[in-house]
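Order-wise, the sequence lines are chains E and S.
Just so you know, we're using this note's numbering here: the first sequence kicks off at 1 and counts up by one.
Just so you know, we're using this note's numbering here: the second sequence kicks off at 1001 and counts up by one.
Bear in mind the hints are in silico, worked out from the structure with no lab data behind them.
The beta-carbon is built from N, C-alpha and C at its ideal position, and this holds for glycine as well.
One thing to keep in mind: the hints can contain errors.
Not the full set, but computed from the structure, chain E residues with beta-carbon under 7 Å of chain S [to be verified]:
no. : residue
1   : Ala39
2   : Phe170
3   : Gly179
4   : Arg226
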Amino acid sequence: MGEFWEALRDPNYPFLRYALIAGALSSLCFGVIGSYVVARRITYIAAAISHSVLGGIGTAVYLRHAAGWSWCHPMLGALAAALLSALLIGVVSIAARQREDTVISAVWAVGMAVGLLLLAKTPGNIDAMSYLIGDIHYISRGDVVLVAVLDLLVLGTAWLFHNKFVAVCFDEEFAALRGVQAKLYYLLLLCLVALAVLSLVRIVGNVLVIALLTLPAAVAGQLTKRLWQMMTLASAICLTLIVAGLALSCAYDLLTGPTIILLAAVVYLIVAATRARA
Amino acid sequence: MSSQAAIYMSDVSFAYGATPVLEEVNLTVSRGEALCVVGPNGGGKTTLLKLILGLLRPNKGLIRVFGLPPRQARRKIGYMPQHVAHDPLFPITVEEVVLMGRLGAGGLGGRLGWYTSEDRAAAIEALRAVGMEGALRWPMASLSGGQRQRVLLARAICTQPELLLLDEPTANVDTLAETQLFDLLAQLNRRMTILMVTHDLGFVTHLVEKVICVNRQVVVHPTSQLTGQTIRHLYGGEVRLVEHHHSLVESAGGGDG
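Please take these sequences and the hints and turn them into a complete structure.
Right, dumping it as structure tokens:
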């Protein structure tokens, strides 16, 4: 662990500090949004959204080179793809409940296919793997700013409308009867999921991010009775996992994203096994 | 006339796709009445409630609730569903569930869904009415089926409605709680109109003035001249009567779903 704290102070590794800050900030909105996602049982929707992000990244990277759009940042493409797929899945699930799962799988796979295709067609040496499982070496100061902005947006919205989100997640029909725009809040929640997913794509990648969104919340859900308690604990667990994952991967020269995810899985299994015995 | 009635339905028909569920329903419920809805499973009882709530739109006919289209009258209605659709393990306390009845109020706080101290007081009052005030901070996941139903009833009461719609309020309730529930409903009926779906007709006969029999068609029967002894007989009689109407519809050319 000593190496980790030394590396954090080393001016040659600024990305490690950025990763730590971005991870710490993200863990707040991951705890909050992850708890909504787990409580409302829409982890598969969150997974589809996060996978489709690659399509946006691939498109942005391709256009940047092929069309010479230097402003077309990969994260901009990721943002567009995440919001688009969130709205697409949301609207389909509201309009035609029985075909929801088909659309989710389609969005999931088409997003990945578009991304992989366009990344491969882009001149230069672009490693798709760095987007799939994350690569902290690419994290810049700009990414930290982006994560902070996403964090503010997500947490601010959740704080303002928490009671309505709880009502819509628990009993959508009753919420609608009380005059709450239940469908609108459901779509808003899916958009918040999209924004939350973006904030950690850089560190753990768009394939692995879903585990970090749901596993800490799943652990917290077994230990708490109320949603806000679940959110607080999930954030703390997420933060611990990211810090521990960064330290471990740094000390033993491991891939950071997979290390964090495996730690999350171990914690989940331990808590689940303990609870099952109790 | 329709503006005076709590519920007014004229020639209402509803079908799920090609399957007719309710046909040519004519129903008028006056303010202050208490009625119960009986009929076989799949006969359209819950569909009737959902039409009154505006959750479903009729294919044909007119529905007015306190003279308004159902969707506009929603805030005057307190609804207790039979179940809550989602997760029995959802991390939520009894208080938070009952407070949902206070959602949708005006003002900035109301628009954001923030609860006031008045809302919290109303929630406690509603829980006291159903005898669950001690469970305020309990997680919903720890409650029995009957306790959950009482919390959902408290949530409906907490909306301070003019019309109370209850879907199977006695389904998981034991005999002692049933007596308390009966007293509560009688007391609430002084302030509001009550419509409840139930299989337990004996329980409500002293409370309700009319029974609404639903089996694709809707027939209303008064209970005022009846004694407790004849209820069971009536219930069987009603079902046969409804089946009789059902066969009439078919022989008159109404297609079978």
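These are the hints, each one checked on the structure:
Interface restraint check: Ala39/E against chain S, minimum CB-CB distance 6 Å, threshold 7 Å, status holds. Interface hint status for Phe170/E: upheld, as the beta-carbon distance to the closest one in chain S is roughly 5 Å, under 7 Å. Annotation: interface hint on Gly179/E holds; nearest CB of chain S at approximately 3 Å, less than 7 Å. Because the smallest distance between the Cβ of Arg226/E and any Cβ of chain S comes to about 6 Å, under 7 Å, the interface hint for this residue holds.
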